[in-house]
Amino acid sequence: MRKKETASVKTRRFIANTVVHICLAALAIVWLFPIFWVILTSFRGEKGSYVSSFFPKTYTLDNYKRLFTDTSILNFPQMFMNTLIIACFCAVISTFFILATSYCLSRLRFKMRKPFMNVAMVLGLFPGFMSMVAVYYILKAIGLSEGSMIRVALVLVYTAGSGIGFQISKGFFDTIPKSLDEAAFIDGATKFQVFTKVTLPLSKPTIVYTVLTSFMAPWLDFIFAKVICRADAKYYTVSIGLWKMLEKEYIDSWYTCFAAGAVLVSIPIAILFVCMQNCYVEGMAGAVKG
Amino acid sequence: MSKNAEKKGRKKRVNYFATPYTLSNALKEGGTATKISLLVMGAANIAHKQIVKGLLFLALEIAYFAYMIKIGFGCLAMLPSLGDKASEKVWNEAKGIYEYTAGDQSILILLYGIIAIAITVLFVLLWRASVTSGYKAQYLSERKMHVNNFIEDVKDLFNGNLHKMLMALPLTGILAFTVLPLIFMITMAFTNYSKVDDHLTLFDWVGLANFAKVLNFKDSIGQTFWSVLGWTIIWAVFATGLNYIFGMILGIVINRKGTRCKAFWRFCFVLSIAVPQFVSLLIMRTCLQPEGAVNVLLKNMGIINESLPFFTNATWARVTVIIINCWVGIPYTLLQVTGILQNIPAELYEAARVDGANAVVTFFKITLPYMLFVTTPYLITQFTGNVNNFNVIFLLSGGSPTPVGSTAGKTDLLVTWLYKLTIDQQYYNLGAVIGILTFVVLAIVALVTYRNTGSYKNEEGFM
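Line by line, the protein sequences give chains A and B.
Numbered per this note's numbering, the first sequence spans residues 1 to 290.
Numbered per this note's numbering, the second sequence spans residues 1 to 463.
Looking at chain B on its own, in the form it has when it is part of the complex (with noise of 0.2 Å):
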């Protein structure tokens, strides 16, 4: 009812939305030129005096049939068997040589289907605002009304419409090359598009085969990937955790009264931010070989004999890339976390004084649940990025140690291991299966946490 009450509300502001202008309407109510422009488009525009803005319709709708017949439908037939002839040795008898046909390449089969299909898509969207519009000038008309002619049209752009203006680019940018490269991806989860068998041309839908194999115990690929993914989980929660928790004591200490110089401090652990993360990883990484900076000096000090094995033992190599993502993460927290912690009520701490709390009572009873009431939603966004958090991984230990025969190291996320299946290996159908299966994670976690905030806010613990 409210809610019903509030959309109300918010379409009276924007009055032009809740139009009699609809689909719907413009098939019962709509005139002889109105029916016309449903086979027609922008029929209805020009016996209303809107020329351009028809004519306009009309190319588009030209254009789309141009493009379906020459390209489109041919795509299209395509798809089901996303092509079947392979490339052939031919001997050419004029040239005395042998020479190769074209055959059918699987995934620009793919790819253009997929497109085609967006073009009828976006076509289907065109086709029912020029019907929309078309009913709205003959429904202006048949009242006597003001029907915008296309100067007036253009105008408007830059006033009531404006987001479309404004939108239209950003959005085609979106669509071309976030969304659509998406879908892409992950038609290709069910095919059999990798170098087994030697599909890497040619392939074929597999339907859910692929899931089987990824989530199956006993495949040597289903085995890497739960041990992959419990790794996952493990690292996200770490590095989520360790980098909050003391992030926050860093932002306390040095947010102290007692603390002097508590820009200068600030500054330090800033710089850290400052250098590319590329640059003072990939130091990390070189200084913490077998033979590398790190374990030279020490066995010059004479502190220890053999080197240590960072990235050679896998229980090694897994401390050191959370430890080092502390390194990373710990400035970044103190930076977010700064203003909230001077927002923390003094009564609330003064109240602990006077009950004799030390330090770390005070921590755990009054900031820390305020701030996780606080910045949950920086946590949920904290913990999805290390799930994906490709860099410290890939340029840290680029997932060693890796055990002889697997696809994955001891220390791959599922994104790097992504990474080297569809790079590296050329299993472009496993890595898109993992890649749909990492959005599942991080959809649940997602889910689950905004659940869980929202009856936290009932309770009002704070406010």
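Bound-form chain A, shown alone (with noise of 0.2 Å):
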């Protein structure tokens, strides 16, 4: 009787485990679908947008090849640079900021601290589009609009407000125990060398997280990259270049090369990407484990 029992739990818990993993499997099809299709889409032997079958008839590594050297209209391996250069930049002036913005508001009591978070809170309600056009202006009064000080003037736009951005590098430092500060003021350190030789080698995965995070915006910003390039496209980054291809008299030519770039640019991002999920569910986590 009670053998009958277990075993009847056993095939319902089979059934169940079986169900559910029926639907995962559907469900991670769905997700990666759009995925595999890029990558097909870029290894298609066929020109254009218009598809009469799910599989390329045929298969090519001209896609990527003229990405890199058709370079008369969209000239990909200039704008490949430009973000380069342009995210290098942003990944270590934009650390500095957040690290250093949100070491002072996790460790130092100061008359302004209070303040600043709310009006911080405050300002992300406001849409960040909106200040755009302002902000297009604010450089051209500077003259960072025109030539080679466009990037000069991406770099600021994306690293200028990233102070405000301090929340998560916060949540870390508050979990570091105060009682290593403390042991190093008795041992005769400032504040400052409190920082850089006690709070700093102990933070690497919250610093990880912010230079990737800071080193990503500028491959997936197109917004302000395109009202402030304009229409000077010697210094596009990536994210216009394949935005452009999709437009309409680019499109049938470009559609599959559209799909290589993707896949160029995503495969670093991705493989960032998975080495950052592991710091940032430690960045979560907290400095001090157990």
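Please note that the accuracy of each hint is not assured.
Calculated lysine to aspartate or glutamate pairs in the DMTMM-like style (CA-CA distance at most 20 Å, straight line) [claimed, not checked]:
| no. | chain 1 | residue 1 | chain 2 | residue 2 |
| --- | --- | --- | --- | --- |
| 1 | B | Lys85 | B | Asp204 |
| 2 | A | Lys57 | B | Glu291 |
| 3 | B | Lys85 | B | Glu99 |
| 4 | A | Lys47 | B | Glu291 |
| 5 | A | Lys197 | B | Glu99 |
| 6 | A | Lys111 | B | Asp156 |
| 7 | A | Lys248 | B | Glu291 |
So, partial list: chain B residues that the calculated Cβ filter (under 8 Å) puts toward chain A [as the list claims (entries may be wrong)]:
| no. | residue |
| --- | --- |
| 8 | Tyr21 |
| 9 | Leu111 |
| 10 | His163 |
| 11 | Leu166 |
| 12 | Met167 |
| 13 | Leu182 |
| 14 | Thr259 |
| 15 | Ile283 |
| 16 | Thr422 |
Far from chain A by the CB rule (all over 12 Å, computed), these chain B residues [said to hold, decoys possible]:
| no. | residue |
| --- | --- |
| 17 | Tyr98 |
| 18 | Phe211 |
| 19 | Tyr349 |
| 20 | Ile366 |
Keep in mind the hints are simulated off the structure, nothing from the lab.
For glycine and all other residues, C-beta sits at the position ideal for the given N, C-alpha and C.
Hints are included, so try docking the two chains, each in its own frame, into the full complex.
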């Protein structure tokens, strides 16, 4: 009797597990399908966005080749370099801004601390694009809207306000025990030395997280880049370039190249992201375990 | 009372701030040098042997007045009128050609005026700092205490005043590229800066007329505003709610005991985050066009005869963007909730099982209340994020389908409408008004929710 019951429980559990796994597999296919589609399209031999069959009729590497050789209309290698340069500067400057702000807000006590945090929250409620036009005029007024200064302008736009995004690293710094700081103070360290020699070495996950998110920002944004670059194709970033390829006049000849470009941009970001995931979880979990 | 005590306790630790060196004390008890420093900044510092500091204050004061006399006052004087000299065509006899005179450009007058005001505000703060610093020097030397020299002051920037050094640059960045543009944009809402009646170079203050226009039910812009606002709220509620619930269910299913290869399933879903959003969204947009891959393949398979109107029918478009937003958002929720789900006390579930509750009941009676309790702040951020969710709408549907003659499409949110109004249509003033109204909506939602969270917390349902 008892044996029979366990057996029926077992079959029920087996059925439930199978159903769950089938559902998960179906969902995973739905989620991975667009990615699979991009990769397939990037190897498609037929041009144009019109497809008549799911799998390409011919496979080719020409799309990738063309992306790097056909620089007459859309200069992908140059866009790639532009974005890379901007991203490197962003990574350094934003990381400094964010870490400095969050350390001050987490560890130091000063009069403007609370007001600053409240103002930062209120600023976050305004739509980010609202000030876009104003930013453009300000950049124009200080002479950064023409020629090679556009790169400087883009770096400024991506980094200048980054101090507001202090929450995650502040949360991390909050978890580092204060006793470590106090021990250092007793040994005669200044607050700056505590920041550079005690706090920062303990904060690798959050530093990595901040560097990666700052580095990725210029690859992902294209609204600000579009407004600031206007028609100056020499300074386009990758995202504007990809966006252009899907515009009416280019889509027929560039659609498969778009997919190739998308794959090329996605691979490094996906790798960074998978690495970052651990740091993200650790950054959330705090510095000291157990 | 307790708040006061707490304040005192904090100040005691900070100690430099519960100082007698305030502006009012400086005015009441300041000596001659301090009084002089009200006019000549840094005088008191110089008198009390802080020569470099005093000279720095003085130099900044001279720089400010030089700026104001040379540029600043002119900018401020132009601010009320915003300029009225139009660019004109003048016949140049000598060269025998028409020349254009430089007219006023209201937008630059407005910008420079705001910058002048901002610099003046900063100067007032600096003036206050100089007076209190001078009084501090006087106070300390009167009591025969040590007055810091310049090198000690610089050294203190790395210790007691570390926040001043570390925050200086980030704060400048925020002020110059976040706060200043925001103020600039807000002032635009009170002007007639738009292509209507050709006010793109010369415009005037119009008070609250733009707000009246946008909020007016009878005006065409007003009607668009209310319908866009309605859709924005529907969108934000559905986008936030569906992502939250389905993300959580997915999290539960992956985390349940019987599921194998948990890491693998999580990886499948998280991979979709790793692809840049604009890539995946643009791909979906091209696939869902009337002649796009999805329709063509369905037609070839003989499932449908006519193209499905993904972005050409209003209802279809709205449902499509919400569903695709689920595709985008659920993995994020999955990442966020996984940790919290594991923290739900197992006893709660065991007790429920003993009482004979099935999975659905457990979800609604235990998991959901617990999660809501813990993640309300996250939900609020998500809601604000979705109201301002520019990327998904702009890249996916671009707001279409757009009724003829309207400035906003059926799937346009306030933010994408703002973008269209400013960048495409050049109604800068209306764009600014919509930005401000979006802020108002969000502020109300955030305030109401936070207040409810407070009362919710008092019940301490799960603590």
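Enumerated hints in conflict with the structure, sorted upward: Numbers 5, 8, in rising order.
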